[in-house]
Amino acid sequence: MKELNLNPIEIHLDSNHKIFALSYGKVPLSYLVMLIKAGSEKDPKGKEGLTDLWAEGLTLGTKKKSLEELIFEVEKLGGYLEGSAGWDFSLLLISGLEEKLDNLLKILSEIFCEPDFPFQEIEKAKERRLSNLLQLKDDPSKMADRLIWNMAMEGTPYAHPISGSLSSIRNITLEDIRHFHNKIYPKQHSTFFILSKEVKTELLEKAKDTFLNLITNKKEEKESPTTPPTPQSRILIIDRPDLTQSEIRIAFSSLPRKDNRYHILKLMNYLLGGGGFSSRLMERVRSQKGYTYSIRSSFASLKTCGTLIISTFTPTNNTYATFEEILSTIEDFTKQGPTEKELEEAKRFFEKSFTLRIETPRQLLNEIILQETYDLKFQNLFDEIEKIKKINIEEIKSIAQEILQKQRMQVLIIGNSQHFVKNFETFGNLQLMPYKDVSP
Amino acid sequence: MRELLNFRRYILDNGLKVLILEDHRLPILSYQVHVKAGSRFERPGITGISHLFEHMMFRGTSRLGPEEFSKIIQSRGGIVNAFTTQDHTTYWENVPSDQLELVIELEAHRLKELKLDEESFYTEREVVRSERKMRISTTPYGAALEELFSLAYLRHPYRWPIIGWDSDLRNLSLKDCEEYFRLHYAPNNMVIAICGDVAPEKALDLICKHYGDLTPQKCFHKIEPEPPQRGERRSVFKKPVELEAIFWAYHVPGIDSDDIFPLLGICECLSGGRSSRFWQKFVRPGKATEVRLVADPPPFWPKDPGLLILYAIEKPGIPLSSLEKEIEEEISLFKEKGPAENELEKIKNRLKASFLRSLESLFFRGLVGGIYEIKLDGFEKSWEILERYESLKAEDMIQVAEKYLHEDNRTCIIVKSISIEENTKFGLIE
Numbered sequence: 193m194k195e196l197n198l199n200p201i202e203i204h205l206d207s208n209h210k211i212f213a214l215s216y217g218k219v220p221l222s223y224l225v226m227l228i229k230a231g232s233e234k235d236p237k238g239k240e241g242l243t244d245l246w247a248e249g250l251t252l253g254t255k256k257k258s259l260e261e262l263i264f265e266v267e268k269l270g271g272y273l274e275g276s277a278g279w280d281f282s283l284l285l286i287s288g289l290e291e292k293l294d295n296l297l298k299i300l301s302e303i304f305c306e307p308d309f310p311f312q313e314i315e316k317a318k319e320r321r322l323s324n325l326l327q328l329k330d331d332p333s334k335m336a337d338r339l340i341w342n343m344a345m346e347g348t349p350y351a352h353p354i355s356g357s358l359s360s361i362r363n364i365t366l367e368d369i370r371h372f373h374n375k376i377y378p379k380q381h382s383t384f385f386i387l388s389k390e391v392k393t394e395l396l397e398k399a400k401d402t403f404l405n406l407i408t409n410k411k412e413e414k415e416s417p418t419t420p421p422t423p424q425s426r427i428l429i430i431d432r433p434d435l436t437q438s439e440i441r442i443a444f445s446s447l448p449r450k451d452n453r454y455h456i457l458k459l460m461n462y463l464l465g466g467g468g469f470s471s472r473l474m475e476r477v478r479s480q481k482g483y484t485y486s487i488r489s490s491f492a493s494l495k496t497c498g499t500l501i502i503s504t505f506t507p508t509n510n511t512y513a514t515f516e517e518i519l520s521t522i523e524d525f526t527k528q529g530p531t532e533k534e535l536e537e538a539k540r541f542f543e544k545s546f547t548l549r550i551e552t553p554r555q556l557l558n559e560i561i562l563q564e565t566y567d568l569k570f571q572n573l574f575d576e577i578e579k580i581k582k583i584n585i586e587e588i589k590s591i592a593q594e595i596l597q598k599q600r601m602q603v604l605i606i607g608n609s610q611h612f613v614k615n616f617e618t619f620g621n622l623q624l625m626p627y628k629d630v631s632p
Numbered sequence: 124m125r126e127l128l129n130f131r132r133y134i135l136d137n138g139l140k141v142l143i144l145e146d147h148r149l150p151i152l153s154y155q156v157h158v159k160a161g162s163r164f165e166r167p168g169i170t171g172i173s174h175l176f177e178h179m180m181f182r183g184t185s186r187l188g189p190e191e192f193s194k195i196i197q198s199r200g201g202i203v204n205a206f207t208t209q210d211h212t213t214y215w216e217n218v219p220s221d222q223l224e225l226v227i228e229l230e231a232h233r234l235k236e237l238k239l240d241e242e243s244f245y246t247e248r249e250v251v252r253s254e255r256k257m258r259i260s261t262t263p264y265g266a267a268l269e270e271l272f273s274l275a276y277l278r279h280p281y282r283w284p285i286i287g288w289d290s291d292l293r294n295l296s297l298k299d300c301e302e303y304f305r306l307h308y309a310p311n312n313m314v315i316a317i318c319g320d321v322a323p324e325k326a327l328d329l330i331c332k333h334y335g336d337l338t339p340q341k342c343f344h345k346i347e348p349e350p351p352q353r354g355e356r357r358s359v360f361k362k363p364v365e366l367e368a369i370f371w372a373y374h375v376p377g378i379d380s381d382d383i384f385p386l387l388g389i390c391e392c393l394s395g396g397r398s399s400r401f402w403q404k405f406v407r408p409g410k411a412t413e414v415r416l417v418a419d420p421p422p423f424w425p426k427d428p429g430l431l432i433l434y435a436i437e438k439p440g441i442p443l444s445s446l447e448k449e450i451e452e453e454i455s456l457f458k459e460k461g462p463a464e465n466e467l468e469k470i471k472n473r474l475k476a477s478f479l480r481s482l483e484s485l486f487f488r489g490l491v492g493g494i495y496e497i498k499l500d501g502f503e504k505s506w507e508i509l510e511r512y513e514s515l516k517a518e519d520m521i522q523v524a525e526k527y528l529h530e531d532n533r534t535c536i537i538v539k540s541i542s543i544e545e546n547t548k549f550g551l552i553e
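Here the protein sequences line up with chains W and G, keeping their order.
First residue of the first sequence? That's 193 in the numbering used here, and the numbers climb one at a time after it.
First residue of the second sequence? That's 124 in the numbering used here, and the numbers climb one at a time after it.
Hints are computed from structural coordinates only; laboratory data are not their basis.
With a straight-line cut-off of 30 Å between C-alpha atoms, the simulated DSS-like cross-links for lysine-lysine are: (1) Lys628(W) to Lys548(G); (2) Lys237(W) to Lys318(W); (3) Lys404(G) to Lys256(W); (4) Lys400(W) to Lys229(W); (5) Lys334(W) to Lys362(G); (6) Lys255(W) to Lys318(W); (7) Lys481(W) to Lys298(G); (8) Lys539(G) to Lys334(W); (9) Lys460(G) to Lys292(W); (10) Lys318(W) to Lys539(G); (11) Lys628(W) to Lys410(G); (12) Lys334(W) to Lys316(W); (13) Lys362(G) to Lys628(W); (14) Lys255(W) to Lys410(G); (15) Lys298(W) to Lys475(G); (16) Lys526(G) to Lys268(W); (17) Lys318(W) to Lys404(G); (18) Lys410(G) to Lys316(W); (19) Lys210(W) to Lys229(W); (20) Lys475(G) to Lys292(W); (21) Lys504(G) to Lys218(W); (22) Lys548(G) to Lys362(G); (23) Lys257(W) to Lys516(G); (24) Lys292(W) to Lys504(G); (25) Lys398(W) to Lys475(G); (26) Lys318(W) to Lys410(G); (27) Lys628(W) to Lys361(G); (28) Lys504(G) to Lys268(W); (29) Lys460(G) to Lys268(W); (30) Lys400(W) to Lys375(W); (31) Lys362(G) to Lys318(W); (32) Lys257(W) to Lys460(G); (33) Lys255(W) to Lys234(W).
Just so you know, these numbers come straight off a predicted model, no measurement behind them.
With the hints as extra help, turn the sequences into a complete structure.
Given below as structure tokens:
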């Protein structure tokens, strides 16, 4: 941290609210973010997408300004306004030219203190979301990502798309949004971030005044811990005869964010499929076999559970061969683990690329938001590198064996099934459905 | 602004241009090799070769195995990749600054000792065909966009896709690659840009040491100019889609024209952000799922006259024909009155903020310098970008709208939805 000269200012206003400010970057731009530690996992059943729509709703007008006036004011300042939800957090982000920072702060304050949630605009926003879902259905890759997530997370509060589905969006009412704003959101922890080329003391004082207005004294609800179910292996093949290439996704249950082996999982994922050409999957499936342009593994570690997903695509005739090659790569990896050389190179990547990964204010902001969401200290960003340096082969093998279990994998394939469906029959628990029956 | 793009330029005896920009804020740098080798330099029969060759540059050298180049960079904490456009191919590494010598040595090494063998070539050709399917065949409108370009251009090489026609990819040979390499990968056809925590004199010494012995070549390539369009071209593209769409393409000048800035202003006014006219008029009330007028901002704006693309994705229940008519009305309104005063201020601020946001990364700053140098022989032109945005005038925007956004200069593709069964009669999209 000293090498990078990062000197954040943290002001704790009470036990639930704080301000985090940091001078960062070389370009005269500023980022203001209100982070609320409640995300899409709080969506009620049948009304999935509510948190995300609430966050967007904040940007659809205030008691003083219509949507048109509000957005025009922000964009006239060279600004950008976004309200959105993640799985375990929601945020309102406003960014723009540093010289307009005062105005941006005033707008943010108005949005939170005097939101309006105008009925007409909420209804239009719902309509836009429904159209966007139809648009999404035209893209088999995006549909595959969406469907595998639901399969992987089945039985958890995360088993739905953040933006909602065709049926759930229709069920959300203005009352639901107002209830969320008045009853759910005030009970959450929140942090106000300021990242700018230069954070002046007077701005910090103004931010403090603004933020104090938003604090309520309502007590946080205690969350009851949930235990994610252990899924059985299954294969879902979705038939689209017009495709010349299949989308393949394979998902496994993984660790929640607070598991103390998170850093081992991170390194294991890099070695398996997260590290581009330095990963096993890329080496075998692309470089050696030429089956695909891209194959990767990625993981999501959330508050109560996690998942690791392998994603690729391949010309229809290679579908089964690609699937087999992935399984064979996983088997070799879990049995033998990485080589000494692979492990050392991966560790060095994480250590040496750290600065590159936080080069811009937006990159650093994304990292800090995740730390804050899971109650980790800023310093953890740096401590994690030290932890990664100590990992050994046995630890990687052990976590790979725990997560990459064939008998628990969820498989999704979208493609011209007549060319490969027979090959998958031996795996059992196979379901085949036409693409037209899939609802986004 | 100038300090963010104030490169020093050096030219080696063999014609290699080197741009170096010092910024010691963080101990990192971006190293980029820009080559005048893009789909613009291809011909029918070998379309896609620039991009395929970019892949081959990672397939090994006399001492490195396939993809070992990338693995070495990553093992030193770097990120490595490359991309091909219509006008150039760019190879880049973002690395900790203590790895500068390594990247210089490795990049020069692969230029001198690239290993091109049959096995690697055929494997990589299939990888590229898979990439083509990902970008064109399986995306909702990729194939329609491909057709839009080939309809809008009759002669100029921008008429074929950067990734190439599948029929050409299937027939490309190793010999084609060797010939392409020989013709285009010469030091006098390249620009190296280094941006970040670098000592210029030391970097230049290293470049002279590793690139100094490359031999220059005569790189001549005649580009067929596109004749003026003499009336609207219109076509229908049928495929199974949930949402039908309209694509319009207007011919516009290349990056050396002053008109590109008012054109970007028009794009911003009509479809930049949620306060834009198209969003407020079509997307907000649910008349369309998406309506946008887009162009690649500098430095990505094409070298030769390019296309300004308008696309509109339908909202079910609203006929495309009425949407098309209303979009035309919006464009006419703009031509008549231009942007209002406060709208103009918004356009300027948004364009400036967007460009500044990009300049937060050393990588992008390297791209601006390197690509301006390779397209216009002078990175200094990039210093004007913010100033140009700041001095946008309503009357200039009206004038360029009248000049380019008219029916005779337009090519149009309508994407019509058909059933899977109907689709079989057309065959699969490769």
